[in-house]
Amino acid sequence: AQTVTQSQPEMSVQEAETVTLSCTYDTSESNYYLFWYKQPPSRQMILVIRQEAYKQQNATENRFSVNFQKAAKSFSLKISDSQLGDTAMYFCAFFNFGNEKLTFGTGTRLTIIP
Amino acid sequence: DTAVSQTPKYLVTQMGNDKSIKCEQNLGHDTMYWYKQDSKKFLKIMFSYNNKELIINETVPNRFSPKSPDKAHLNLHINSLELGDSAVYFCASSQVRGSGTGELFFGEGSRLTVL
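Taken in order, these protein sequences are the chains called A and B. The numbering of the first sequence is the numbering used here, which starts it at 1 and goes up by one. The numbering of the second sequence is the numbering used here, which starts it at 1 and goes up by one.
Since the hints were made in silico from the structure, they are not lab data. Some hints could be false.
Unchecked claim - Cross-link-like lysine-lysine pairs, in silico, DSS-like; alpha carbons within 30 Å at most:
#	chain 1	residue 1	chain 2	residue 2
1	B	K71	B	K41
2	A	K73	B	K44
3	B	K44	A	K70
4	B	K44	B	K22
5	B	K44	A	K55
Unchecked claim - Here are some, though not all, of the chain A residues that point toward chain B, as calculated from beta-carbon distances under 8 Å:
#	residue
6	Y33
7	M45
8	R50
9	G107
We put the CB at the ideal spot given by N, CA and C, even for glycine.
Whenever a hint applies, use it, and build me the whole structure from the sequences.
In structure tokens:
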């Protein structure tokens, strides 16, 4: 069974700074996807970014980018030029094509300080 | 037009009652899920259905019974509600097979409070 670990329960940074959220996972699978989801106070789950395990190139979406280290089973999220609207819970998630299950980490509560 | 919609958004009920939460997706996806988010925000999968077939059934009490009348709908019925059932329940859908990416599209969640 796969596990996803987020070791930072809470983080806070000043507006406009850069912040990196950590995520590690454990799996014996070779084909999988990794995701970062954002959950603002409205509680809606919003996809931030997706990474295919077979791709070596790190995914980027505007101010959001990942550092995917497959051998180390690490998948960190970098948020550049942070904005007040980035305040939310951030969940790392692992999708296993074998059992078609998306497993979430415990989340990191990120606060952007004005 | 909401992609994944679930009703009701809020539900307050007494211990021992039976309640249902409905979910519908208009994305044409083949797989639907129920997740439970507890007070510590931990998201745990409960069930998944692929084209009306039960795929994932985690260790959930049998008071919880999912029903999928067609691939666009997945309802959750809970019997004999207990205090510990208080949580936010999320419905989600995904295109898993074929060209699927495993990305889940979530409904807005249903907050269940058991008194």
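Hints, verified against the model:
A C-alpha spacing of about 28 Å is found between K71/B and K41/B, which places the hinted pair at or below 30 Å, so the restraint holds. Distance check on the hinted pair: K73/A and K44/B sit about 21 Å apart at the alpha-carbon level, within 30 Å; holds. Distance check on the hinted pair: K44/B and K70/A sit about 24 Å apart at the alpha-carbon level, within 30 Å; holds. Between K44/B and K22/B the alpha-carbon distance is near 18 Å, which keeps this suggested pair within the 30 Å criterion.
For the hint pairing K44/B with K55/A, the CA-to-CA distance comes to about 27 Å; that is within 30 Å, so the pair holds. Below 8 Å, beta-carbon pairs count as interface contacts, and Y33/A has one with chain B at about 5 Å; its hint therefore holds. Because the beta carbon of M45/A sits about 4 Å from the nearest beta carbon in chain B, less than 8 Å, this interface hint is met. Given hint, R50/A at the interface with chain B, holds; its Cβ is 6 Å from that chain's nearest Cβ, closer than 8 Å.
A hinted interface residue such as G107/A counts as satisfied when its beta carbon comes closer than 8 Å to some beta carbon of chain B; here the least separation is about 5 Å, so the hint holds.
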